[in-house]
Amino acid sequence: MRTRFHHFLTALSVGVFLAVREIRRANLWTTLLIIFVMMLTFLNLIVVGGILVGLIQGSTNAVHERYSSDLILSPLSRHAYIEESGRAVALIKGLPEVTAVTARYIEAGRIEADYKKSRRPSDVPESAGGLVAGINPADENRVTGLARFLKEGSYLRSDDYDQVLMGANLFYKYTPIDSPGLSTLRTAGVGSKVRLTVHGFTREVTIKGIIKAKVGELDQRIYMVDAELRTLIGRSDLNVDEIAVKLIPGANPDAVKQKLIAAGLGERAKVQTWSEAQPKFLTDIKDTFALLGNVIGTIGLIVASITIFIVIFVNAITRRRSIGILKGIGINAAAIQCSYMLQAIFYALMGTALGSAVIYVMLVPYFASHPINFPFSDGILVASPAGTTLRALILLAATAIAGFIPARIVVRQNTLDAILGR
Amino acid sequence: MIKTEHLTKTYQSGGGTLVALDRVNLHVAKGEFIAITGRSGSGKSTLLYQLGMLDHPTSGTLYIEGVNMARLTSSERTRYRLGELGYVFQDYAVIPSLTALENVMLPLLMQGTTRRAAERTAVHALERIGVGDKLHNLPSQLSGGQQQRVAIARAIGHHPKIIFADEPTANLDSETSRVVLDAFLTLHREGQTIVMVTHEKEYAAIADRVIELSDGAMVGDTRRK
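Listed in order, the protein sequences are those of chains A and B. Sequential numbering of the first sequence, starting at 1, is according to this note's numbering. Sequential numbering of the second sequence, starting at 1, is according to this note's numbering.
Hints may contain errors.
To be verified - Just some of the chain A residues that point at chain B, by a computed CB distance under 10 angstroms:
#  : residue
1  : His6
2  : His7
3  : Leu9
4  : Ala11
5  : Asn169
6  : Ala255
7  : Arg320
8  : Ser322
9  : Ile325
10 : Lys327
11 : Asn332
12 : Ala357
Honestly, the hints are just simulated from the structure, not real lab data. Note that CB positions come from ideal geometry on N, CA and C, so glycine has one too.
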C-alpha cells in the first residue's frame, strides 16, 4: 500500500513534468513579459526601500567618514575638555589598529562681515554663529578627508595665519533661508575679511575656503589652525575637545574602544564608536524610511500577486477542458494544481534572479560611485543580502499562493462539465 | 465486469426534470466489445460517462468487478480511473502542450511508474497503434486520425481493464475512421473490454453487442451473430 507521502511525491513529480513542458512550449514573449513584471516587482521591493534607507544611510556614512571617523572622544559630562589630551592622543596613536588621529579644539564663535561699512547706529553687521574648530589641517585631512569637501577656495595649511575655512551653512548663498534667529553671511565669500569673535576675543581673519560636506557638524563650523585658535583665546594647555580616530580597514571599533577604556582613557573622556555617536534622529528616520519602503514594496507585491493570479487564472480557464481531461484520465487535482504553482514559482524565481543581478551588478555599484545628490546627503542604495533574500522568499511565497488559488478554483470544477465545455 | 442496476440520471432544466437515463440495467462481460447507439439526445454519452465513472448517477448502482462504485471516495474514484479505465474522447482530447509520447506517458507517471519505464511502455503502445514515428510530435503537428490514435495509445498504455470510447470517429473521415476501428478490433481480439458510443450503425456493427437507447431507456440489446 502506497503511503500518502508516496502519493504526494508522485503528484509533485507529475506536476513538475507538466509545468516544465507548459513553460517550454508557452509563447516566449508572454513568458518574458511575465518574468519582466516579476523582475520589476522585485526591484520595487528592494530599490524603493533601499533608496529611502540609503538616503539616510548616506547621511550616516557621511557623519561616520567625515566627522566622527571610527572612534570619537569627547569631554566627560560637566568637563570642559578632554583631560590630558596629549597623553590620550599618544596612547591612541600607539595602538596597531589606529591609522590616523585628529584632535580638535571646539569653541563657540561668531563671524561678522561687512563690519567696516558705515551704518546707522542701530544697525548691526551681518553675522553668523557657529562652532570654531581649531585643527591640525594635515591630521584632519588624514582622518576625515576634509579637503575633499572644499566648495570654494583652498584648504588650510599649518602655517596659515588668520585664515579660516567656513562651513557652507553659514552663507546665505548655500542656505537661502530667511528665518528669524537664523543669520547667515550674504556679502562675504572666499577672500573676504571677516571678524571672528571667540569668548570675547576678536580677530580679523580671511576666508580661505568654504566647506560643504553635507554633514551638519562640518557645514556649520569655522575651521582654523589649532595653534592660531589657542593664541586667539589665550589657551596654553593642549587639552582638546574632540579626538577623532581612524582605524585600519577591518578593525573592530568596539574592540579598540574597549582597549582604550581598559587603558584608563574612559576616566578622562567619553569614548564612543561611530555608531554610538550617530545622532538618534538619523536612526529614527532610517527606521521610518525602512518602514515606508516596506509599505511601498508591499503594495508592489500585492500588485504582482494579482498579476500572477490573473495570468494563472486565464491560463487555467483557457485550459479548462485540458484540465478536465487530465482529471478524467486519472491525473489527480494535486498534480494539476502543483503544475500551476510551479509555473508561478518559475516566473517569480526568474524575476528575482534577474532583479538580483540588476541590483548587485548594476545598481548598487552605480549608486556607490555616483550617489544621488540630495541637498542634505549623498543617497546610496542599501540592499543587504539578508534583506534581499528575505524579500525574494516573500515574493516566491506570494506568487506560489497566487498561482495555487486560481488553479484550485478551476481544478475543482466538475470534471465532466470541463471536458464537455459546459 | 460491468453491471448497472436501475441506473438513472436526471437534470433540472428550465423548471422541469430532464431524464437522461431511465433505470438502465446493463451487464458487460469481460472481453466484450459493446457499442451503444441511438439518436442524438438518447442518453448514449450520458450512459458512457456513468459507466466510465466520470459522473455520478442520480439513482441506481454501478458495479465494476463487483465493487459498488458509489462507495468510493472522490480520490479513490480518480485512482480507479487512472489504474483500471481508459478513455477515448470524441475530439481526441490529447493535451496540446505534450508530445504524443508525453501524452501516453502521463497516466503511467501518475501511477508511479519511473520515467524510463513509462517511456518504454508509451513507445510500445504508440507503435502498436501505428504512430510510432510520431513520438515527438505535438498534437498540432498531427492529423486528426493520428491524434485519435495517440488518444487510443494513451487509453491502453497502462493496460486498463475497460476502454470507454465516446464517438471516436466523429471527427474523422471514413478512411481514418476505419483505421481507428481496426485498432479497436485488434485490441478486442487481444481480450480488451471496450464500450464504444457511436451514432453510425455501420460502425456499431463491428461490436459484439449493440445496445440501443431511446429517451434514456434501453430499447434494444442485439448480439452479433
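Legend entry - Earlier hints that do not hold, by number: Violated: hints 5, 6, 7, 12.
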